[in-house]
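**Q** Sequence:
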Amino acid sequence: MIDISKLTQGKNLSEIDIQILEYIIKNIDKVLQMGVRKIAENNYTSAATVIRLAKKLGYTGFVDMYYNLLPLLNTMEKPKPEVMEDFPEMSSQDFFQYNTMEDITQFIERVLHLDQQYIFIYATGFSGITAEYLYKKLLVLGKKTVLASGMDSVGVFENNIDDIGALVVISKSGETQQVIDKLNAAREQKITTVSFTKETQNRVADLSDINFKISDNNKLDDRNMLPNIFFPKLLMLFEIIMKEYLVRLHKKE
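Residue numbers (full-length UniProt numbering): 1 to 253.
Calculated from the structure, these hints are not laboratory results. Since the structure is predicted, the reported quantities are computational estimates derived from the model, not experimental observations. Backbone N, C-alpha and C fix where the C-beta goes; we use that ideal spot for every residue, glycine too. Be careful, since some hints might not be right.
Stated by the list, open to error - In the EDC-like style, the derived pairs of lysine to aspartate or glutamate whose C-alpha atoms are separated by at most 20 Å in a straight line are:
{"id": "1", "residue 1": "Lys137", "residue 2": "Glu239"}
{"id": "2", "residue 1": "Lys143", "residue 2": "Glu239"}
{"id": "3", "residue 1": "Lys252", "residue 2": "Asp115"}
{"id": "4", "residue 1": "Lys30", "residue 2": "Asp64"}
Stated by the list, open to error - Across the chosen pairs, the derived CB separations fall in these ranges:
{"id": "5", "residue 1": "Gly142", "residue 2": "Leu7", "range": "56 to 64 Å"}
{"id": "6", "residue 1": "Asn217", "residue 2": "Glu158", "range": "35 to 43 Å"}
{"id": "7", "residue 1": "Met236", "residue 2": "Gln177", "range": "57 to 65 Å"}
Make a model of the complete structure from these sequences and hints.
**A** Here it is as structure tokens:
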């Protein structure tokens, strides 16, 4: 319910006056057609009471009150939730400003539709945390998936390269050399490569068949010391992709 205290302050309104005013505000889209008599009838009072209310509020009559209240109510905004500094709200624009539905379609067709070959996920540092989330998400979906990080032997990738159908890498900077080495090796073997990086141009994105960009609000913070929602946005992007995959899967059933 809209707070009418600013409208009633200092007007010395009775309980029935406030009741009528709240009724008019609640039904502002139809009270003009209803007219004074019908408004009064619905509030168990007289037409004169409705007219007196308008004059108490400083208007010449009911119609004058209506045309003054209408724009006021139309421009009255609902209070917005407070947004914390460094943590802006997320919207679909955040994901589709740099990415397209075609990117998601390509990921679904070239990665999630793999049957016999493995999806190999690689990331280092903080990116490895989100890589593990994606890994477990794909396992739940029944996908053959391998997860590796900078701590693992190079052989984990090289010894299984014939069974890998897609390489998915995560690098916030897009310049992690270990990730770039994996992409180059995959490209030589004609393996589909997918990367998740920040939105600015970077080598990882350039080397990938499919690149998803996530806005990084602290691009120079290589050690990830400052508040940053890059990784939360990345997790949300994973969920958007998975939702689209499941929607399409159910349509085929």
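**Q** Which hints, by number, does the structure contradict?
**A** 7
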